[in-house]
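S.K.: Please take these sequences and the hints and turn them into a complete structure.
From first to last, the protein sequence lines are chains F, S and V.
In the numbering used here, each residue carries its 1-based index in the first sequence increased by 132.
In the numbering used here, each residue carries its 1-based index in the second sequence increased by 3.
For the third sequence, position 56 (counting from the first letter as 1) is numbered 47 according to the numbering used here, and the numbering increases by one without interruption.
A hint or two may mislead.
Label pairs and their in silico Cβ distance ranges [unchecked claim]: (1) S/S69 - V/E187: 48 to 54 Å; (2) F/V439 - S/R172: 36 to 42 Å; (3) F/G300 - V/A214: 56 to 62 Å.
Not close to chain S: a few residues of chain V, all C-beta gaps over 12 Å, as computed [stated by the list, open to error]: (4) R(-4); (5) V1; (6) V5; (7) V35; (8) S193; (9) R200; (10) R204; (11) R231; (12) L240.
Please keep in mind that the hints were generated in silico from the structure rather than gathered at the bench.
Backbone N, C-alpha and C define an ideal beta-carbon position, used for all residues, glycine too.
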Amino acid sequence: MKPLSVTLPAIGLRVMWTYIATGLAIFLLMLLVGISMRGSQAGWWTIEPGTFYSLLSLHGIGMLTAMVVAGLGTLWYLVSRETGLDARVAYLAYAFFVAGVACVIVSIVPGHYGALWSMLYPLPFTGTYWPTWATGAWLVGTALVMLGFMIWCGQILGALLARYGGLGGVLAVDYVLHNRAFAKLDHEPPPPQIFAAAITAIDGLIAGTAGLTVGVALIVRWLDPTVAIDPLWAKNLTYLFGHTFANLTMYMAVAGIYVGLPICTRRAYHTSVPLVLAWWGTLLFVIIAYFHHLYMDFVQAESLKLVGELASFLAAIPVVVITVYGAVLLVHRSGMRWTLGSMFLFTGLIGWVVGGAAAVLDSTIPFNVDLHNTLWVPAHFHTYLLEGVVLFTLGWVFVNLEQRAGASSGALIRWLAGLGVFGGGALFVLGFYIAGAAGVPRRYAVEPPPGPYLAGIATVGAILVLVGLLVVAYEALRLARLPRSEVAP
Amino acid sequence: MSSGAVFGVFIVIAVIAIVVIVFLGNYRLRDTLPQASVTARGYVIRRYWLGLTLVVAIAAFITTLSYLPYSQPRIQARHYFVVARQFSFGLPKVVPLGTPIVFDVTSADVNHGFGIYTPSGNVFAQVQAMPDYVNHLQVVFTVAGHYSVRCLEYCGIAHAAMQGGFEVR
Amino acid sequence: MRRPRVVGLVVLGVAVLVAGLPLLRGPIELPVTQHHLLHAALLVGAALAGVLCGRRDALRRASPAWIVLAMIAPILAMLLMWPSAYSFFEQHPAGHAFEHVGIVACGFLAGFAGERFAAGVGWATGGSAVLMALLAAFGFGVAPPTAVPIAAVAEPSLQPGASGRRNTGASSPAQPSHGAMIYATNCAVCHGTAGEGVSGPSLKDERTRKNLRQTIEWIENPAPPMPKFYPAVLTAADVRAVATYVQTL
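M.R.: The following block contains the structure:
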């Protein structure tokens, strides 16, 4: 199979920056939405329940779309360095995202839709406080986001299949099973970031198909209220899509580690057999771990719940044994300088491990009885997304900016950003964790004690995060405006 | 199982993770070693680390098998029909102490969560209340008092106000 | 290049012939699940044919339109599978056959367009169409296996405090009116237990602002943020009862 010509780096970078800038802009807006809700729960100001749940729906889908779009942009560029990619397809997928977000905003702002992003049938239809058209706008909007995602997955899958000679080549089957012969033939397995792209594309297509199945069923139900839908079936598919979509954001962002940290440390990150095995595990576990969302649905078969628990446990092993461990080894005694880029990439590992530990505890069935749908759930995914995915993305952005400008930020800026993002972030997520352990339910516009008290602390933390991120944004703009460095990186 | 203990375990894991990662990153960072000599030792340690995590994961999985909340409801247990609807619970007023009880939980409209809180305010047990399905939650109350019930699945505008309760005597 | 295309066209022909079966047999009474599974089988053939016919030289850049078509085709197939008991096409054998031919066309398109976009992608997009039909078989237009009779659900919930069918004989001495019960369950959360207003406006002396007919109209068609309870949650009789109760506040 003859590889296609490699895309010009300038085109790949333009696609990447378009995606990342869009993702981070949505992220900042949704951060403000989040602060407004947490402050309302603290009793600092009042948001009526109807508005609260509309904002919560917006915050959920907005944040996930932001993370996904930023991650897809990074991966698109990294794949384009290996093989030819048609930028028109990337912009087409981008147009689907923009159209989807527009529909979602219409359904929320004039429409007051408020069934949350992972709505469980029959919710968007029964006992609603918004007009029916808003439900339709929401369903169409989320379907467009899914379609954009699947178009991206289709493009990347096609490009990787052509570049590495079929699915076996992309997943490095021969490299693992016939390692000696592979080396003798002077073949090279795909670099590590390609596995991130491939697993995103494959799991994304499976999850997207499930999501569109329930999405189309709901659209049909919206047009024709006589159509029956099995609520347990809808719940399974909603979580299969929702869990995978949310979980994959991390596996997209991890490409920043594979490519960014070697730049910082001046060391190499090679594909190894354990790394490939880890990605094979991830490919499977990301899809089947979603059963842990249905632990409290006693009608669901018990065996599926056990599959979910085991998959959730095993999913942690590639993370802590291969990826995080490998990244720490890469940094260890490398003489790396602490810049904003390397700091974010490295500390993102902490958010990933800590948020992951909270997730594993919650996916332990006996603990889940106490933690299911308490604030423990947002606690773990805010740790994982804010202190993991966002930091990896920011780290990747800064590694690129610092390289391009041949400059980095002063110690004061690093301390300010660090204090805001980590100090504020710790305060912010601890508010969730303690409330969750105390049994305060999630998704309550008005929380029972000690919810409001902890929400106050969390809001202070979130505002500190915002301040830290504004410092970061200022630095990013400053570095971006510096002239391109003459020194080759 | 108390979620206080889970929180404690979590904090211990989190602190260890932060300390270890920050230490390994910063320890003699300027005193550089070639990558090959770091990985040579690192990959030996990784083998033990993989073994440890695998053993912990599988041991934890096997341990949880004896603490599952999915006991088969007994025929002779007292059954109470619980209907959740936007935004209230149809509940018994009084439930007996010390005998097996089965709550047959369903919903009249959308998905709800049937979350029972102890008199001291901790989660005692929970199950989803789904339309078209009946979930059987078997429990034994060992402490008397007023148990409150909260909705633990988002169900609409008054989700946060959807409460109920019963006496255990 | 030629042989796969011939095989593909043969497979497509078989799929179309199978799709036309309703023409011979007339209306077929099948459970929705089995019907969807048959659709999935049709889609296997159609998508396979699409992939075989869609193969092309990999060196030329394909139009981005192919990938959009390949992603939308499975959705169109699923729309055609609009659960049969309610399907417009289902009423006549010709309509039914037309629906099947449409499904075959969508499956073919999913495989063909995917493969046209890039080699191997057709398997994924065709597989997506088949997977959708398989998944649909277990819930799209399918009533749950252990359906709870509505009467058993609706009745006890109107009487907070009753433990289902066990205590139906023991009624409390001062039984509140039906309207008051509905008010307590659905309205008191926002308007207060005595209509004093909480997050929603006060309903004290509502009768001076709206008469019974206007109250009913408002409950049936409220403006946000007030939830719409009719007809999903409350029946017309319920609305009348609760409106009457509100008039007494």
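S.K.: All the hints need checking, so say for each whether the structure fits it.
M.R.: Results of checking the hints against the structure:
no. : hint                        : result
1   : S/S69 - V/E187: 48 to 54 Å  : 51 Å, holds
2   : F/V439 - S/R172: 36 to 42 Å : 41 Å, holds
3   : F/G300 - V/A214: 56 to 62 Å : 59 Å, holds
4   : R(-4)                       : 48 Å, holds
5   : V1                          : 44 Å, holds
6   : V5                          : 39 Å, holds
7   : V35                         : 31 Å, holds
8   : S193                        : 17 Å, holds
9   : R200                        : 22 Å, holds
10  : R204                        : 25 Å, holds
11  : R231                        : 19 Å, holds
12  : L240                        : 19 Å, holds
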